[in-house]
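> We have chain A; now place chain B onto it with these hints.
The listed protein sequences derive, respectively, from chains A and B.
Residue numbering for the first sequence follows my numbering, starting at 24 and increasing by one per position.
Residue numbering for the second sequence follows my numbering, starting at 24 and increasing by one per position.
Because the hints were derived from the structure by calculation, they are not lab data.
Mimicking DSSO-like on lysine-lysine, the simulated pairs with C-alpha atoms at most 27 Å apart in a straight line are:
id	chain 1	residue 1	chain 2	residue 2
1	B	K417	A	K86
2	B	K112	B	K287
3	B	K332	A	K86
4	B	K31	A	K287
These figures come from a predicted structure and were not determined experimentally.
Protein chains: 2
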Amino acid sequence: MINTNYQKLPGSYLFSTIAKKVKEYQEKHPEKEIVRLGIGDVTQPIAPTILTAMHHAVDEMGKAETFRGYAPDLGYDFLRETIAKQDYKARGCEIEADEIFISDGAKSDSGNIQEIFAETIRIAVCDPVYPVYVDSNVMAGRCGTYDEKRGMWSDVIYMPCTRENSFIPAFPQETPDVIYLCLPNNPTGTTVPKTVLQDWVDYANKQGAVIIYDAAYEAYITESGVAHSIYECEGARECAIEIRSFSKNAGFTGVRLGFTVIPKELKRDGVSLHGLWARRHGTKFNGAPYIIQRAGEAVYTVDGQREIKEQIAYYMRNAATIKEGLSDAGYEVFGGVNAPYIWLKTPDQMTSWEFFDRLLEKAAVVGTPGSGFGPSGEGYFRLTAFGSYENTLKALERIRTTNL
Amino acid sequence: MINTNYQKLPGSYLFSTIAKKVKEYQEKHPEKEIVRLGIGDVTQPIAPTILTAMHHAVDEMGKAETFRGYAPDLGYDFLRETIAKQDYKARGCEIEADEIFISDGAKSDSGNIQEIFAETIRIAVCDPVYPVYVDSNVMAGRCGTYDEKRGMWSDVIYMPCTRENSFIPAFPQETPDVIYLCLPNNPTGTTVPKTVLQDWVDYANKQGAVIIYDAAYEAYITESGVAHSIYECEGARECAIEIRSFSKNAGFTGVRLGFTVIPKELKRDGVSLHGLWARRHGTKFNGAPYIIQRAGEAVYTVDGQREIKEQIAYYMRNAATIKEGLSDAGYEVFGGVNAPYIWLKTPDQMTSWEFFDRLLEKAAVVGTPGSGFGPSGEGYFRLTAFGSYENTLKALERIRTTNL
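Chain A extracted, bound-state conformation:
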């Protein structure tokens, strides 16, 4: 009577295994100070303008005349309209407020969005990528069987992204129904030019596929010619769902807020995906907290924008520091220009986990093994720019001076 699909998932989640290894190391070496550049959690505190907005909203909740009960399932208009205006219309994307669904975060949305599709769809994912896309589909019974040795699911279409193709996925040979694109990519820290994204939109429209576009890192884009939203591409309203997060641009990992955009034109089998997602939200979700939605709104104020840009610049200085430092030390490094992740090729043909173990043992630095993000991540390693600058320098110094 249980959902046996859950049993198919490999025993332990990537970050649990890392946590366990780190704990064991610390117990064996209590004197060592471990520097963590593993999990993608931010470290800078919430910006002052956002704090003020939250304090104000807390006060409102304490008075009968300004108290707010159930929020609208799909989000407060004040936030949806702000997003439509500043994230979309300001970039020339025709997205209306009522096409934006506010949620408690991009992880929930990334995990739940598969529900509106049939059990029989074929999904395609970049390889390596954020594990939630595949795992949530496995739990829904979509991915076939797992080949432990290859680290691959029989029914998933993998699109390898490696240094050989400059981390730009090729169109798959089999035809997917749903294509997950995370750009800028987690974990590789790389992205694609807007022209390439346009090719993907054209491909999806030609094949009738739906693109689920995870733009959680768009605020880190520094290069021109890179799209911040998939709706900058022509025809995207007919094929793309976009998921956004406040976790990385405004430090909301512990505040929890995100949103998903589904244009009204997006239909499959004659049915509006907007309507399906609205029904899902209405039935299994009860809105993001009022206080947190006010925090989200504050992100878009002039002061809020200035403050979060400083935070992003802080993290991107870390990224540049890691990238340069490792490059000087002879490592082959990628990413870090349009994303807060550095992706490095492990030296001496070490596996990702071998490099993880050595880095921890010899330098007391924690990163994330690339193989945890998919089979093509093997032989790579992820470092994040989300630490403090001091810790970033410390980690770098240790990596450079240790014979790994």
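Just chain B now, kept in the frame of chain A:
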């Protein structure tokens, strides 16, 4: 390629239809002041002790040394331990902190919990009941076909709760795999003695069924001999999942916090349901906001408890007022003693919707048609005690003096 199960759901959600009718009425009669005793949303502001805790937590998020990023997926220990101690151990229930899963609310948990079961399970529900249990199972393809005329799904086991059986469900003739019990019940406002609940636990253990026990209204129980938690019953650790909410006891409808308890002994097909739910949380959820979890903790302080008890007493005075008033006016009324809902038999054999329309048209009072909660709700009507005392009196006066 879409999930066609969504298409099987009847067109419009109960509360959307109500909202539409109310809007039309107001447009037609702009001078009328409508009193809303329909949707179960609270009106009292958040208690002072909880506000203080939230302000403090907001301040913590603004300083690097106290900032909190990702929360543990399953909740912060400070909250899980407080709940284990005060909601369970204080009542003699052996529930450990690590059996408690913190979430963004009971609606999400009620909707998502079905995921850990196979697609082939049979569910049983009290009739009438909170619509999310059935709807979320329909979306997962479990409920067969809908008979619009009877308002029933072919594969759902309905357990009628009417005045004829004092709203106490009988064991079903068919054997369910999962039994949803919402006690005290929404919408009938009634509950069962602990001895009856013990019978249900024994029944579930004998049949190998799992009980999903929604205890969202437990704080409203005033009578002794009624269980606040299903774990007060012997053997419940082997068969029951309990879902709790902060929405109704502490006014968190717009704050969003809830939790689900799954004891470690609860296994089916040899698999721990605790492990399955942990995996679901870990994959598709990223923890409730730190600020909100601190708010939840404050609910359990001495001052917090005193303050929320005053709010509950305020609403229960409304309940008693409605109940007495309607009873005096010749209505047959139920509930309102252990729950904030009044359930009344419509007069003159009116249907639920006929009574809704008349009440709106003639008295400008909004309630909820009982048939919206299940076929056996036909001929009944729900009023909630969550309005202000003044509005409650106003509604009552109108109902008493109007010839409906």
